[in-house]
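Asks: Residue numbers (the working numbering), protein chains in the order written: chain A, 1 to 543; chain B, 1 to 200.
For the record, the hints were derived by calculation from the structure and aren't laboratory data. Yeah, the Cβ is synthetic: ideal placement off N, Cα and C, and Gly gets one too. Heads up, some of the hints might be wrong.
Not everything, but these chain B residues come out facing chain A in the computed CB check (under 7 Å) [said to hold, decoys possible]:
{"#": "1", "residue": "Gln23"}
{"#": "2", "residue": "Lys24"}
{"#": "3", "residue": "Thr28"}
{"#": "4", "residue": "Val29"}
{"#": "5", "residue": "Leu32"}
{"#": "6", "residue": "Val35"}
{"#": "7", "residue": "Ala36"}
{"#": "8", "residue": "Met39"}
{"#": "9", "residue": "Phe40"}
{"#": "10", "residue": "Gly43"}
{"#": "11", "residue": "Leu46"}
{"#": "12", "residue": "Tyr50"}
{"#": "13", "residue": "Thr67"}
{"#": "14", "residue": "Tyr105"}
{"#": "15", "residue": "Tyr187"}
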Amino acid sequence: MSSDITHTDPGHAVDVHDDHDHKPKGFLNRWLFTTNHKDIGTLYLILSLTAFMVGGFMAMIIRAELFMPGLQLVEPDFFNQMTTMHALVMVFGAVMPAWVGFANWLVPMMVGAPDMALPRMNNWSFWILPFAFTMLLSTLFMDSGGPAAGWTLYPPLVLQTGTSLAFVVFAIHMMGISSIMGSINIIATILNMRAPGMTLLRMPMFVWTWLITAFLLIAVMPVLAGAVTMLLTDHFFSTNFFNAAGGGDPVMFQHIFWFFGHPEVYILILPAFGVISEILPTFSRKPLFGYGSMVYATGTIAFLSFIVWAHHMFTVGMPLQGELFFMYATMLISVPTGVKVFNWVSTMWQGSMTFETPMLFAIGFVVLFTIGGFSGLMLAITAADFQYHDTYFVVAHFHYVLVPGAIFALMAATYYWLPKFSGNMYSERWGKIHFWLSTIFVNVLFFPQHYLGLAGMPRRIPDYSPQFADFNMISSIGGFAFGATQLIFVGVILHCIFRSKVKATGQVWEGARGLEWTLSSPPPYHSFTTPPEVTHNMVRHAE
Amino acid sequence: MPLPYLRRLSSPPSRGADLEQQQKNRKTVRRLVLVAVGMFGFGFALWPLYNVLCEVTGLGGRAIQVTDSTEQVVASDRTVNIRFDATVNSSLPWKFQAKEKLTEYNLGVPNTALYLAMNPDDDAITGQASYNVTPPEASLYFVKTECFCFTEQTLQAGESREMPVYFYIKPDLPEHIKDITLSYTFYRLGYEPSTGMAHH
Chain A
1 MSSDITHTDP GHAVDVHDDH DHKPKGFLNR WLFTTNHKDI GTLYLILSLT AFMVGGFMAM
61 IIRAELFMPG LQLVEPDFFN QMTTMHALVM VFGAVMPAWV GFANWLVPMM VGAPDMALPR
121 MNNWSFWILP FAFTMLLSTL FMDSGGPAAG WTLYPPLVLQ TGTSLAFVVF AIHMMGISSI
181 MGSINIIATI LNMRAPGMTL LRMPMFVWTW LITAFLLIAV MPVLAGAVTM LLTDHFFSTN
241 FFNAAGGGDP VMFQHIFWFF GHPEVYILIL PAFGVISEIL PTFSRKPLFG YGSMVYATGT
301 IAFLSFIVWA HHMFTVGMPL QGELFFMYAT MLISVPTGVK VFNWVSTMWQ GSMTFETPML
361 FAIGFVVLFT IGGFSGLMLA ITAADFQYHD TYFVVAHFHY VLVPGAIFAL MAATYYWLPK
421 FSGNMYSERW GKIHFWLSTI FVNVLFFPQH YLGLAGMPRR IPDYSPQFAD FNMISSIGGF
481 AFGATQLIFV GVILHCIFRS KVKATGQVWE GARGLEWTLS SPPPYHSFTT PPEVTHNMVR
541 HAE
Chain B
1 MPLPYLRRLS SPPSRGADLE QQQKNRKTVR RLVLVAVGMF GFGFALWPLY NVLCEVTGLG
61 GRAIQVTDST EQVVASDRTV NIRFDATVNS SLPWKFQAKE KLTEYNLGVP NTALYLAMNP
121 DDDAITGQAS YNVTPPEASL YFVKTECFCF TEQTLQAGES REMPVYFYIK PDLPEHIKDI
181 TLSYTFYRLG YEPSTGMAHH
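If we strip away everything but chain A, and leave its shape as in the complex, we get:
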């Protein structure tokens, strides 16, 4: 496998081993041992869609129990395991791997690189994930049950989890290692592997947002690993990090957890910002408005994410100065976020807009994510937060930014790039049906939860006072319908890949710009083995 190329000329590094479109033979060779960024991207996306279904099924159990007041279907402790696992599976299993999957597929093609910088590590980053999730989900079948203290794993409650806590902690360790390796790979690819002419400020926004996301991941996943390690030793080895009786402090866990947790929520949403910044210009047939400010806004959001963590714990008994600092710092985030929303709207302004499915999801994202952003601003007001804290208002807030936020952006990305990945067009008719049903029912599902929260319904409970019955029933109906609608999504994807007769062109979308659209659809197994010379008119942004 040695290369006999002279090292002064990277432009002509041809592969001496594999023919260009020669995929490895055999199932194991192709998938288990693959080092190809497109194959690994596909694996990540399959894992993510599976986790989305598993986590969604847990959400259905939650909404079924909450359909009526009283305890109908499940034991309270199992209900708590469902809320905890739903969050862990959705955050670490559905959204994060989906973004890594898209990064794997797209970043090398977008920057004109032949593959990720570290292909073998890439294989390893993916393949530890199925094991991590098997471990995490297996706790549900253990005697001591799965974790039931909420995904934030607050002690002392979480320390009452039985021996299965060890499995949860090690699963989180493995997911963290996977994320860190994936991030290192993405950063190395973006910094070292860009084609000649692909300057940093010519990179597509998706690449920019992922570069910043990857730095966030490397900075905070190890902190989470440290926090859960302390839980582990407190539980099994009699340390007293969080044990008040032994001189520790459970509040310290909340500080450490949210030092990870707040950047984590931007890890989930920044790549979404990138995707929306790709899609809106394509279907508005205009360059992205304010490209430079988009880059700086992303960086600013990432920086601010490190100094706002305690807004998750306003009611913990902080000094007034602390509450004020975290309130103002949190509100500051709405400035760069507002810049982004302004730029998206300005991109569409006076554009020749068409409304294909990716565009519909992108516009849905802009509108509904902004609703979630505004309820976030309400929560940032310290005095008001004392009323909202730990109520369904919080649940409504973060589901608005995560479901019609991150998940809609993932769906937009799927419809946008699936024709590129598969070479086939999806069914526009079913895509649109999927969009409209999703948009209607996601609001039926989550909007009433604002009212429930304002009326005082606490989160993470299997039973509630009868006064909350009507809104809960509406929310549950929305939940079941939204859940069922996602089966359409799976159907559209499978149809597009395996049944669709309509071939996609290389460019796929009339207004699409960027290196990935210069390749055929599907792209060759090894693309850009010779780096393209990137010129001004090949990228969307004028510098």
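With the hints as your guide, set chain B onto chain A.
Replies: Same frame as chain A, now just chain B:
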């Protein structure tokens, strides 16, 4: 396992990655791994940092000073109200309360506060108390000379005991502090939280 599998995993694919590129990548990886390892350490460093922050600000009662001598204290005629609060953790079946709930205290004067603890259980139980002071700023001026919270306390079955705290508050306590609460929480020592709450 056939050899090509191993080769695939053990040698880097040559496509697109010439030597210079590989060196650049290795350098990037080394730096980023260092950052990740450093941040793992930072997670643990938050523990001492948190304690330092508490000591500086007085949060969590950690700034309360412990000393043997009361000689250099000068009594002042300024007074503050001190409330004595007592809590028992749910794992400990004791009864625990302050003998006097509220007192008017002369700054700088060595004082004694009495708490009462009683063990209604059929077995001897050992507990230890943690403490806190609000407002946090006041703990920077709070000095204890002796306290039942410094040591483990064992109560025999049915035994009750007076538990004293010897303390004084420095006269240079900021003017705006008029009320201080001293709070104790008793925990059971050697207590393992029940596991497997899933099974009723």
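Asks: Checked against the structure, which of the hints given earlier come out wrong?
Replies: 1, 13, 14
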